[in-house]
Amino acid sequence: MERKAVVEIRDMTKNFGITRALDRVDITVYAGEICGLIGENGSGKSTATSIYAGMQSCDNGQMFFKGERWQPSSMMDALEHGVGMIVQENGTVPGITVAENIFLGESARFRKGPLIRRTEMIRKANEILKSIGADHIEASAVTASLDFQDRKLVEIARVMGKKPEVLVVDETTTALSQKGRDIIYDIMDKMKTDGKTVIFISHDLDEIMEVCDRLTVLRDGKIIRTFEKDEFDEEAVKTSMIGRELKGDYYRSDYDGSYGQEVVAELRQANLGDQLKNLSLQLHKGEILGIGGLSHCGMHTLGKVLFGAVKPESGEALVHGKPVRDEAYAMKEKVGYVAKDRDVESLCLDASIRDNISVAGLDQFAVSRFLILPSKEKAYVKQQVDDLSIKCRSAEQYVSALSGGNKQKVAFGKWTGRGSEILILDCPTRGVDIGVKQAMYQLMYRMKKEGKSILLISEEMAELIGMSDRLIVMKDGEIKKEFRREEKLSESDMIRYMI
Amino acid sequence: MKMTKRLFGIFTIPAAVLIVVLAVSRIQGVALFATEGNWVSFFRSVANVMLVTLALSINLNSGRFDFSIGSVALLSSVISATISIQYQLPVGIMLLLSVVLGAVFGFLSGLVYVIVKLPPIIVGLAMALFYEGLAFAVTGGYGVSFVNNTELVGFPSVRNYSLIIVAALAAVILIFDYTKFGYNYKALLSGQKVSVHIGIREIPNTLICYGIAGALMGAQGFITATNTGTIQMTLNFGSIGAMFAAFLPMFIGGYIGRYINDKIGCLLGAVSMGLVSLAYVRMDVDSSVQQIISALLLVCFLIFLNNEQKFKNLVKQGR
Amino acid sequence: MKKWRRLTAFLLTAAMVLMMACTVMAEAPEMDESETVKIGVLVSDTTSAEALAFRAYYEEYIQNQYNVNFMYSDELKDSAGEASAIDNFIANNCKAVISLSSFDRPAQIAQCSGAGVYYAVATGTLTDEEYEAAKTNEYYVGAIGPDLMTEYQTGYDMAKYFLDEGKTKFAIFGGAIPYYTDMHIYRAAGMLAAMCDVGEGSYKDATGMDIIGKIYEDGAVETGAIGNVEVVGYVGGYDMDDAWFGKCGEMAQTEGLEVILAVGNGSDFFGAAKGEGVQIASVDAYADSYKEAMEAGTLNYLAGKFSASIGPIFMATYSAVKGYPIRDAEGNALALSQGYWVADSAETFNTYYAVDSSKEEPAYTKEMLDGLFGSSYDDFAAFVSAYTFDEIQGLK
Amino acid sequence: MELKSVMNRYGLKQKIFSIAPLFGLIALVVCFLAAATAKDLNIAYSMKNILNQSVVVAVIATGAIFIYTLGSFDISLGASACVSALVGGMVYNATGSVTLMFLTCVGVAVAIALINSVLASVFNLPVFVTTVAMLSVLNAVVLMLININGTGSQIAVPTDAVAGLNTTWFKLLVLVLFFAVCLFVFDFTKIGRLQKFLGGNPVCAKLSGINNKRLAIIAFVMSGIAVGLGSFLSITYAPTLTKNTASSVGMDVIISIVFGGMPVSGGARSRIYAAVVGAFSMTFLNQIMVMFNLNSGIGQMVKAVIFLIVVSLAMSNQRNKEILPR
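Here the protein sequences come in this chain order: A, B, C and D.
To get the numbering used here, take the position in the first sequence, counting from 1, and add 3.
To get the numbering used here, take the position in the second sequence, counting from 1, and add 27.
To get the numbering used here, take the position in the third sequence, counting from 1, and add 568.
To get the numbering used here, take the position in the fourth sequence, counting from 1, and add 79.
Everything labelled a hint here was simulated from the structure, so no lab data went into it.
The beta-carbon is built from N, C-alpha and C at its ideal position, and this holds for glycine as well.
It is possible that some hints are incorrect.
[As the list claims (entries may be wrong)] Have a look at the derived ranges for each label pair, beta carbon to beta carbon:
(1) T109(B) with E401(D): 52 to 60 Å
(2) G136(A) with A50(B): 54 to 62 Å
(3) R13(A) with E401(D): 53 to 61 Å
(4) A465(A) with I142(B): 46 to 54 Å
(5) P97(A) with I122(D): 58 to 66 Å
(6) L123(B) with I122(D): 35 to 43 Å
[Claimed, not checked] Pulled from the structure, derived: some chain B residues nowhere near chain C, Cβ distances all over 10 Å:
(7) V76
(8) T109
(9) V131
(10) A164
(11) P183
(12) F208
(13) G256
(14) I291
(15) C327
[Claimed, not checked] In silico EDC-like links for lysine to aspartate or glutamate, alpha-carbon gap of 20 Å or less:
(16) K285(D) with D346(A)
(17) K118(D) with E603(C)
(18) K483(A) with E463(A)
(19) K195(A) with D216(A)
(20) K220(B) with D346(A)
(21) K115(A) with D204(B)
(22) K343(B) with E316(A)
(23) K220(B) with E463(A)
(24) K220(B) with D353(A)
(25) K606(C) with E401(D)
(26) K144(B) with E401(D)
Produce the complete structure using the sequences and hints provided.
Here it is, written out as structure tokens:
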């Protein structure tokens, strides 16, 4: 049977400053299939698809859509002509209604004379929400009042309302509950049976192999290999993703799961809105305590409370038995906190590597904790850069110019440099490529062995299972289940308590 | 939202101001609205404050602090008055001219901003200097005077000011709430990056914002000019003062805007300020005392806004 | 040390004056115009009608007649601004500074004489103490302008004019009284003094010149009855905000008000708002806007400076720069008072205005000024004291 | 190999643009000297004059950099300088002590700064709007001070009392010393480092244990000291004080800081020398205008254009092509 090429990308090149994000990439996707794109962070998979979906332009190369030359001027334009994309980051505008988000940039559709008919817009939006199975969302609600998952569904509604021929789904499922995932899978299936095209981007190998008919691997802006369904093989895909075989352990290899007796940090009956409900937990010396759950189960808040950044309404956070007043106190007690939202909470992007690393370590190298001697600072920063092998031109380079993995290393360096004994890591490997991930897992393990304690909050179940001594599953601000470290523990065991 | 809560939110501030002002003037033994002139000056300050507040908030809501609005009012009124005197135009045409010229100068400010892509505050400062200088150069420093042009100085009246208030308010509500531009404006306002990625064109939208703010300032400049029949020149940022008076009504407008259209909030904020101004006039309050009262009002309201939750908790505990 | 220097300066000046007197007697002073003389002009309020009219006279008339080049300061707001502007003039090699700015005159004099630059006050006077300190300073040319008594009298005459017409209800616009600007206080005091005299009453228990002190105490004028006349309204300051314009409007429309007496800017702020039958009087300059106001009947009385009034002080300065300072017998610098042209009808206003705004034949022409070059103090004083319109026209 | 050289060049470019304002200053100096030669200017006197006219703004702006670094904005600096100078002048007239006057100037300015910062930080108010309110309070205070004083429109310190300090060397000394202190605090102590970080990303700063309230108060105190010094210097320069004393300083400070290449959003790109560079650049620019005896209106237009050009050049490497800056 002759397959009909719908999406064709030929010889596409894109540079960001000095970085070559795409290097002569060719991609072809056919009607009636779900094609997966996989690769490490910065491999170019999102760049290529976002260019095709009109979000940005390429420097060189050609695109075709159903055999015709394809040059969308914007996402709106692309969507108008049949190519829709659901983006990785939050793609909704918080301050306006759901309906306005669904028809973002195309309010003119409801124009009568020069004026826009609001009620008509809301009615149409409700129709679309219903058609994708998200009728629990009210189109006249303000988007900011929805949770993350529903906002994602609004975005999906925006795209699906246009009945696209091609749908690009970029790492959308990670943060969704089963219900959200099911909605997306249903949509993808339906498109496939209708003879339309889906491009599915994910870093989750299991998921992508399950869903896709074909799989293209990118690395460093180049197409490495395309696997047909019958060629799918986890190890082979992984190898082509990172370009070498992973040497050594990925996660930790032992199933020992033991830790010290001493409680170094704990929460006592902490309450905070719907985020924490009478929650107590203890972190021990030399323990990696994993906390898993859906994005809004309260685990991210938990991390902040333990670091003193957020005050619980009642109950308390203790470190070494004493209440944590604020972040500065926590730091004095050698607690470190790597936040989930790296670019906003962990780093100051518009500052140098030096600034970012030394800001938390001033009490380590500043004379009398006050005077900064350039030579001492340089040495301190260099130590962290070397220890974590941060790839950079110099320590004076702005953090904004670094890749995701290297940024995260800087965020780590901030805390490891000052000898933190207790590390609260919130999604530490989010948006980090496999190579760096592995390095971080090994670092965590080493720290555990050194007797340090780690609270690992993550949305990635594999790494929780792979790394934790103890694993707590949260839902709606409560602890639903606690697992001990064991070989047999699987993701489905966890999911049962999460959803 | 319940209707009572809504009405409460809308009218608490203006009503409270009215009650306080009435009570104080009763104690002082003066009537607030004694003469026709009092009504005229009340409506004038409402119109004035509302126009500046709207103009300021259009851009400030989007994070663009534009220092040049005062100079736009100055320059557009200078040119429109000069032309009107020269060709003996009726006052309605002068108003129209002011508004159009204001829109043009506002648009130009915006154009410079989108071309140089510097923070709006910097561009605003430069444009304020430029427009003040231009107004000075155009009139040779003399300013414009048409005290004796009965056509033009006959403008101030309750009816005319109300017409301006209603027309301006209707126009901005229509434009910002019922047009494609308005929908895109709101989207860009709280989700700049997402909206741009989607394909909403930010530059034209921004230019229109500056144009509308300029048009409003053109009307404001017209009101100031026709009030006395003279336009005094100013240099070295003398024109930015007008903006500071708009902060309090803008915050009040923002608060009221939670319960009703935010533009109407601006009007109610301006009404509150108009009452306070009138009270100053009627009770002959010394200008330094005025300044201190205004500053205290601003600070107190800000403290309330920024600590609202704490206040609510206090009230709850109090019960 | 200091005394020594002063003494030497004094002796030197005296000697010079003596020598000068000898040379004057010996031969007529000669105007050498081979070199362009740069003169700096200090202006505090660059946008006032008065300042602009003065500037036009210097730049469009004097500069065309003599080999001089005027350099103007920017708007000045305080004494630091004055000092900077003078520094600029000195750096630009100005030979003299003519000042229309009065934040700190002693400092201006000190700064100029320190740099060997001549200094003159236009449209104003020094206080007695200031004059005492400066009069023998070689670089201090002198001051010509309305002294404070002239200001007082101007206010007095203005109010008297209307009182004589039988008007009894007045409102006063106090301009910069809240900021304690002397000339505005004296003008207002003069107005009130006239009311006391005619109305046979007193202002806060004071009459005549004592009223000046009362205004200084309050920084404002109090409303109320003065005998059988009444001050029904008062506004001061230049706040230019809604409340201030409201006050102005309210004052202009006060029930029964007959006349608004303004220390300045009368028709600017009240012309548009005034009620039926209210007359306005003001002190200012013979500018375009006042011409229209007079013709339209919005303004009924104007005591105005004429733009050429700063002609003589230019000549005194120019003369000094060229080596012929004008000094009295004791070697003292000029201290001359000069008053306003008063117009009470559109007709007189227009007659004055035509002369005042002429760039070919202004009130003081080159021919008239040339006669002052190197003249004696007395001749100079006589010339300046004949400042009324008719007197000046009579000289032509 | 090629990539490396490109990277080096990129790094270099970043550096060059960051010192563009310095080039701007040099260009202005060159223009000034060229014009001065052509226009027969007394250059030696002019240099002294330029110092006189820059020093107050340079000192105050240098202190204000600490506030700007936090991404805040203080519009009440000019009014604060006026109040400090007036109170200082009154204290001198009451006591006859220059030292007391100096201490009063600094004390009053610091007190005002403290009120500003404590109000803003205790009640979580936006700093800019707080200073707008403070501006109107201070303006009222100025009128009252002049009222209380009762000697008419001014408070005059005898010229002789401060003439000894109205010298080039004293001014240079104050400027250099204060600049050195600020440079030290800004670049070599924890305070400056944390302030830059706080300005760059307040959320991350909080999560790095930085106490934003304390740093904001320190920033305001630094600017208060600067305002005090500035008001003292302006008394020595022009001892007759009126309601308009230092009235143009407020805006001059903002313009100078921006002209010197300081990003209005503060953060890590903040430079302590921006204020001095900007203040002197503005004075040189003004001097060039003066030489050409431009009409005030046209002069101001030319200034606006040059200001925009220099600032655009200085910030040309910080621009986001995709969305407009806010």
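Here is what the structure says about each hint:
Between T109(B) and E401(D) the beta carbon distance is about 42 Å. The supplied range of 52 to 60 Å is therefore violated. Distance hint check for G136(A) and A50(B): the Cβ-Cβ separation is about 59 Å, which falls inside the suggested range of 54 to 62 Å. For R13(A) and E401(D), the hinted distance range of 53 to 61 Å is not satisfied, since their beta carbons lie about 26 Å from each other. Checking the proposed 46 to 54 Å range against A465(A) and I142(B) shows it holds: the Cβ atoms sit about 50 Å from each other.
At roughly 60 Å, the beta carbons of P97(A) and I122(D) sit within the given window of 58 to 66 Å. Checking the proposed 35 to 43 Å range against L123(B) and I122(D) shows it is violated: the Cβ atoms sit about 54 Å from each other. Annotated as non-interface, V76(B) brings its C-beta within 10 Å of a C-beta of chain C; the closest such distance is 7 Å. With a cut of 10 Å on Cβ distances, T109(B) stays outside the contact zone with chain C, its closest approach being about 12 Å.
Non-interface status of V131(B) relative to chain C is upheld: no Cβ of that chain comes within 10 Å, the nearest being about 24 Å off. Every C-beta of chain C lies more than 10 Å from that of A164(B), the closest at about 12 Å, which supports listing it as non-interface. Look at P183(B): its CB is around 8 Å from the nearest CB on chain C, not clear of 10 Å, so calling it non-interface is violated. With a closest Cβ-Cβ approach of about 31 Å to chain C, F208(B) is found to remain outside the 10 Å limit, as its non-interface label requires.
Distance check on G256(B): its Cβ comes as close as 4 Å (rounded) to a Cβ of chain C, failing to clear the 10 Å threshold; non-interface status is violated. Every C-beta of chain C lies more than 10 Å from that of I291(B), the closest at about 21 Å, which supports listing it as non-interface. The Cβ of C327(B) sits about 19 Å from the closest Cβ of chain C, beyond the 10 Å cut-off, so the non-interface label holds. Straight-line distance between C-alpha atoms of K285(D) and D346(A) comes to about 14 Å, which keeps the hinted pair within the 20 Å bound.
Among the hinted pairs, K118(D) with E603(C) is consistent with the structure: their alpha-carbon atoms are about 15 Å apart, no more than 20 Å. Straight-line distance between C-alpha atoms of K483(A) and E463(A) comes to about 17 Å, which keeps the hinted pair within the 20 Å bound. Between the alpha carbons of K195(A) and D216(A) the distance comes to roughly 10 Å, so the proposed pair stays at or under 20 Å and holds. At most 20 Å may separate the alpha-carbon atoms for a hinted pair to count; K220(B) and D346(A) meet this at roughly 15 Å.
A threshold of 20 Å between alpha carbons decides the hint, and for K115(A) with D204(B) the separation of about 14 Å falls inside it, so the pair holds. Between K343(B) and E316(A), the direct Cα distance comes to roughly 15 Å. Compliance with the 20 Å bound is thereby established for this hinted pair. This hinted pair does not check out: K220(B) and E463(A) have alpha carbons roughly 27 Å apart, beyond 20 Å. Between K220(B) and D353(A) the alpha-carbon distance is near 18 Å, which keeps this suggested pair within the 20 Å criterion.
Our distance criterion of 20 Å between C-alpha atoms is broken by K606(C) and E401(D), whose separation comes to about 54 Å. For the hint linking K144(B) to E401(D), the alpha-carbon distance of about 10 Å falls within 20 Å, and the restraint holds.
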